[in-house]
Every structure is written in C-alpha cells, then in structure tokens.
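Trainee: Going by this note's numbering, the sequence shown opens with residue 1, and the numbers climb by one from there.
Quick caveat, the hints were computed from the structure, so don't treat them as lab data. Hints should not be assumed to be uniformly reliable.
[Claimed, not checked] Lysine-lysine pairs mimicking BS3-like chemistry, simulated, CA-CA at most 30 Å apart:
(1) LYS88 with LYS36
(2) LYS36 with LYS26
(3) LYS127 with LYS26
(4) LYS26 with LYS88
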Amino acid sequence: MTDTLPAWAGTRPWDDEDTDGLLVCKQIHSLTPDVKTFVFQAPEPRLFQHDPGQFLTLGVDIDGRPVERCYTISSPPTRPHSVAITVKRVPGGLVSNWLHDRLRPGHTVRARGPLGDFSFIRHPAPKYLFLSGGSGATPAMAMTRTLYDLAQPADVVFVHSARTPADILFRRELDLIAATAPGIRVVHVCEADGPTEPWGGHRGRLTFEMLRQIAPDFRQREIFTCGPAGYMAAVRALLSTAGVAKDRYHEESFAFEAPPSPASMTGTEEATEGRVFTVEFTRSRRTLTCDADTSLLQAASRAGLSLPASCAQGMCGTCKTTLLAGSVDMRHNGGIRPREIAQNKILLCCATPQENLVVDA
C-alpha cells in the first residue's frame with residue numbers, strides 16, 4: 001500500500017482561458033466503420049465540468065490554416081478526468097477527415113467551451129424521450145450516461161435511428177445500460193439489414209405509429225432531438241402534428257441557420273434602413289453587399305457563398321475570422337474572447353457592417 005496520491009488529487013477545473021485551451025489526445029476508439037471517439041485530457045491534471053449535452057469548439061491546423069468545428073461532448077460530467085467527442089467521418093468534411101486520418105494519441109488540439117444550452121439540466125422532468133439519428137446520438141448518450149452514473153430515478157426512452165445495425169452508435173453500452181437500469185429503455189430503428197446481421201426490430205424511418213408503440217406517453221415527456229437536418233425536420237413535423245407542446249421540445253444542430261439580426265435579438269431598432277455596404281471576402285474572392293441589419297454570414301449565405309459556421313448564435317466561434325478593414329457591430333454570446341477582438345477578430349454570424357469591409361474569409 002502506498003501513500004502517494006493519484007495524479008489528479010487536488011486539481012483545479014479545466015478552463016480554456018487558463019490553459020490556452022490545449023487538450024492532449026489520450027485514446028481513440030472506433031465505434032463503427034466511420035465513427036470514432038477521441039478521448040482528451042489537459043496537459044496538466046484538470047477536472048472537466050460541463051452540462052451533459054454541451055459541446056466544445058475544437059481548433060486544429062490544416063495545411064497551415066487554423067480551422068474550428070463544434071463537437072458535442074459525448075462523455076458525461078460524472079467522469080471528469082477526461083473529456084471525449086464522438087465524430088462521424090463526413091465525405092469531404094475538412095475537420096472530421098483530419099481527425100480520423102491524422103489525429104493520434106499524444107497529439108494536441110485547441111478547444112473552447114463547454115458551450116450550449118442543450119441539456120436536461122436546464123429542463124428537469126420526471127420523464128424524458130431522447131430521439132437521435134446518426135451521430136446525433138452523442139448528446140443523448142452524454143445525458144443517458146449521466147443519469148445512469150448518478151442512479152437517477154428518471155424514466156428515459158432512448159430511440160436511435162441508424163442506416164443498418166452496423167451503424168448503431170454505442171450499441172453494446174446502451175444494451176448494458178438498459179439491462180441494468182430499470183428506468184432506461186433503449187429502442188433502435190434501422191432502415192435496412194446490415195452486411196452480416198438481418199434486422200428484426202423497428203424498420204424504416206420514425207413514424208407517428210412507431211413512436212406511439214415505443215412511447216405511448218411521448219406527449220408527456222421532455223423531448224430532446226439531435227441528428228442530421230433532414231431527420232430533425234421530419235421529427236419536428238411529426239411531433240408538431242401529434243400535438244406535442246413546443247416548450248417540451250428541444251433540439252441541437254450544428255447546421256447553418258440564418259440568425260436573427262442583432263436589432264431583433266435585443267428588441268431595439270436603429271435607424272439603419274437604407275444603409276448598405278460592400279463586403280470583400282479576400283480568400284473567397286467575392287465582393288457582395290450587406291445592409292446594416294444583416295449579419296455577414298447571412299449576407300454571404302444569401303449570395304451563395306459557403307463559409308464555415310455552426311451555431312450561428314455567436315457562441316461556438318466556428319465562423320471566427322479577421323476583419324482587415326472597416327468596422328462592425330458585434331453582439332456575441334461568448335464565442336470570442338476580448339483579446340481576440342483586440343486583434344480584429346470577428347464572428348461572421350453576429351457581426352453587422354457599419355461601413356465598407358474587407359474580411360479574411
């Protein structure tokens with residue numbers, strides 16, 4: 001027996017400001033042929049505190065350029081000595097492919113967070129329904145792991161949709177949780193048989209009749225949904241038609257959606273009508289017009305210019321870039337630091353022009 005304390009004894013919580021946001025990859029686990037979990041720790045022992053369902057903004061350098069993307073934390077806060085993300089390889093995806101092909105244990109990445117409000121912590125209820133499709137299972141998994149670790153008495157129905165049985169994420173762990181936690185029930189829905197496993201469960205896409213069979217009381221449950229845009233649109237329409245109250249429905253998505261203008265977010269209106277400016281995007285070699293009530297990201301999207309973006313709410317920092325000339329009005333939600341603003345960094349999703357601009361994007 002030894003008196004030596006474990007390495008993490010007495011450690012402080014991880015803070016991205018304090019540590020410059022560095023994380024060290026410790027382990028990589030393959031879940032399916034195109035999904036991996038990456039486990040990180042701080043360079044020095046730190047404890048990670050987050051709400052289950054929140055996300056990190058991960059920063060990597062690809063071909064000499066810094067790139068940021070948002071990834072949900074799939075590990076629960078009940079296991080605070082490390083933090084994990086679960087990433088699906090996306091065809092043509094810049095960062096997802098880099099993580100799958102290049103990241104190895106011992107490599108470091110930058111991270112900021114945790115961020116986001118998608119968590120049952122903010123919506124306590126006796127009964128939950130988690131609906132997920134594809135890699136959208138990660139926030140539901142973080143919440144389920146948390147409830148399981150804490151032996152909470154909550155009644156949970158976890159419904160996951162996948163292409164085939166081979167694509168079901170966290171399948172073995174979810175089976176174990178369902179077998180040992182009386183309040184947690186797990187149901188998988190597959191569109192087709194797997195290459196080596198015929199599927200005998202619910203088949204096809206989630207429908208009202210299928211949901212009614214799985215969770216007859218779904219209207220009385222607090223519902224959390226995450227998945228591809230098409231999946232969430234279908235679930236949203238299904239639940240709306242079924243009469244689910246809007247305040248019981250919560251969703252998470254990192255797909256671009258045009259945010260409200262800063263004026264509409266603050267409830268004030270300024271005399272900006274008729275003020276239109278030019279915005280030059282140097283790397284994209286495009287110049288377009290943008291009025292003073294429209295975010296630069298909105299204007300770019302309307303002009304057919306695709307720029308990196310995730311939350312579109314000034315939180316994640318994915319759309320951060322450098323303002324080379326001009327000035328903007330920027331009302332963010334924590335996705336950029338004061339020192340970055342001092343270096344002329346802006347968030348495209350919540351920056352509106354005050355004069356003609358030149359932007360490094």
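Trainee: Hint by hint, say whether it matches the structure.
Mentor: Hints, verified against the model:
Distance hint between LYS88 and LYS36 is fulfilled; the C-alpha atoms sit about 7 Å from each other, no more than 30 Å. Among the hinted pairs, LYS36 with LYS26 is consistent with the structure: their alpha-carbon atoms are about 13 Å apart, no more than 30 Å. Only pairs whose Cα atoms come within 30 Å are accepted, and LYS127 paired with LYS26 is rejected, the gap being roughly 35 Å. For the suggested pair LYS26 and LYS88, the alpha carbons sit about 19 Å apart, so the restraint of at most 30 Å is met.
Of the hints listed earlier, the one the structure fails to meet is number 3.
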